[in-house]
Amino acid sequence: DTEVTQTPKHLVMGMTNKKSLKCEQHMGHRAMYWYKQKAKKPPELMFVYSYEKLSINESVPSRFSPECPNSSLLNLHLHALQPEDSALYLCASSQAIQAPGANVLTFGAGSRLTVL
Amino acid sequence: GENVEQHPSTLSVQEGDSAVIKCTYSDSASNYFPWYKQELGKGPQLIIDIRSNVGEKKDQRIAVTLNKTAKHFSLHITETQPEDSAVYFCAGFSGSARQLTFGSGTQLTVLP
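As they're listed, the protein sequences go chains A and B. Under the working numbering, the first residue of the first sequence is numbered 30, with each subsequent residue one higher. Under the working numbering, the first residue of the second sequence is numbered 5, with each subsequent residue one higher.
Chain A with its partners taken away, still in its complex shape (with noise of 0.2 Å):
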């Protein structure tokens, strides 16, 4: 199995909603990310975990929470967002976050988010 799964694909919430994204990968890949993409733009790192421990946070607001249950799982709690929020939230996986051969990223398809 080579793939990271996401899901939803697709979410629309309010800004008093609670809501969570949900990441999957059977990989054996020991870091995981979150990542921000808006549109005609690049990718924005939000989170990093390694090992099950988050290893770096680019400053994203605390609307933003991110949980890692276990090596094969990472989910994204959202709550109170902002329309400017709205976005494509990729997760993607590797072997690791620092070694030689190890940081070859696998990106999910992604959850398309949608704050009204």
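Accuracy of the hints is not assured; some may be wrong.
Quick list of the computed label-pair ranges, beta carbon to beta carbon [what the hints assert, rightly or not]:
| hint | chain 1 | residue 1 | chain 2 | residue 2 | range |
| --- | --- | --- | --- | --- | --- |
| 1 | B | GLN85 | A | LYS47 | 26 to 36 Å |
| 2 | A | SER49 | B | GLY45 | 41 to 51 Å |
| 3 | B | GLN18 | A | SER88 | 40 to 50 Å |
| 4 | B | ASN71 | A | GLU87 | 21 to 31 Å |
| 5 | B | THR82 | A | ASN46 | 43 to 53 Å |
| 6 | A | ALA109 | B | LYS72 | 45 to 55 Å |
| 7 | B | LYS61 | A | GLU87 | 27 to 37 Å |
| 8 | A | ARG141 | B | SER13 | 17 to 27 Å |
| 9 | A | GLU113 | B | SER100 | 28 to 38 Å |
| 10 | B | LYS75 | A | LEU83 | 40 to 50 Å |
| 11 | B | ARG55 | A | TYR80 | 40 to 50 Å |
In case anyone wonders, no lab produced these hints; they're calculated from the structure. Model, not experiment: these values are computed from the prediction. The beta-carbon is built from N, C-alpha and C at its ideal position, and this holds for glycine as well.
Assemble the complex: chain A is given as a structure, and chain B must be docked to it using the hints.
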């Protein structure tokens, strides 16, 4: 931190022609340079990558070249086909920053 610049932002070629996309990077410690293809409605997909100890790598119609001295690397696609139409992102990985820095992307359109 690392800064990756990518040119051109849009590129149109006739089917069968070659396409070249160029990137420059700023961090001399960067040692890994992947290229991703992103089709509409999909996540980025790795198409080829190169490490700093290699000058060129080829995979069928796709090749990447790296000039460490000049800090630039390029993607070459030969015999382009309509299905090559997509957005292409270059990236650089710095071990010190422990993360990829993406270029701004190139929208490639292959005209039939």
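* With respect to the beta-carbon atoms only, verify the hint that LYS61/B and GLU87/A lie 27 to 37 Å apart. => holds, 30 Å
* Asked: In this structure, is the beta-carbon distance linking GLN85/B and LYS47/A contained in 26 to 36 Å?
  -> Taking Cβ atoms as reference, GLN85/B and LYS47/A lie about 45 Å apart, which means the hint is violated.
* Holds or violated: 17 to 27 Å for the Cβ distance of ARG141/A and SER13/B? -> Because 23 Å falls inside the window, the suggested range holds.
* To do: Can you let me know if the beta-carbon spacing of ALA109/A and LYS72/B is within 45 to 55 Å?
  => About 46 Å separates the Cβ atoms of ALA109/A and LYS72/B, which means 45 to 55 Å holds.
* Just tell me: holds or violated, for the beta carbon distance of THR82/B and ASN46/A against 43 to 53 Å? => holds, 49 Å
* Outcome for the supplied range 40 to 50 Å, where the beta carbon pair is LYS75/B and LEU83/A -> Roughly 32 Å apart at Cβ, these two residues miss the hinted range, so it is violated.
* Between ARG55/B and TYR80/A, is the Cβ distance one that fits in 40 to 50 Å? -> violated, 24 Å
* Asked: Cβ-Cβ distance between GLN18/B and SER88/A: within 40 to 50 Å?
  -> holds, 44 Å
* To do: Please test the hint of 28 to 38 Å on the beta carbon pair from GLU113/A and SER100/B.
  => Since the Cβ atoms of GLU113/A and SER100/B sit about 31 Å apart, the hinted range of 28 to 38 Å holds.
* To do: Please test the hint of 41 to 51 Å on the beta carbon pair from SER49/A and GLY45/B.
  => violated, 22 Å
* Just tell me: holds or violated, for the beta carbon distance of ASN71/B and GLU87/A against 21 to 31 Å? => holds, 30 Å
Checked against the numbered hints listed earlier, the structure breaks hints 1, 2, 10, 11; every other hint is satisfied.
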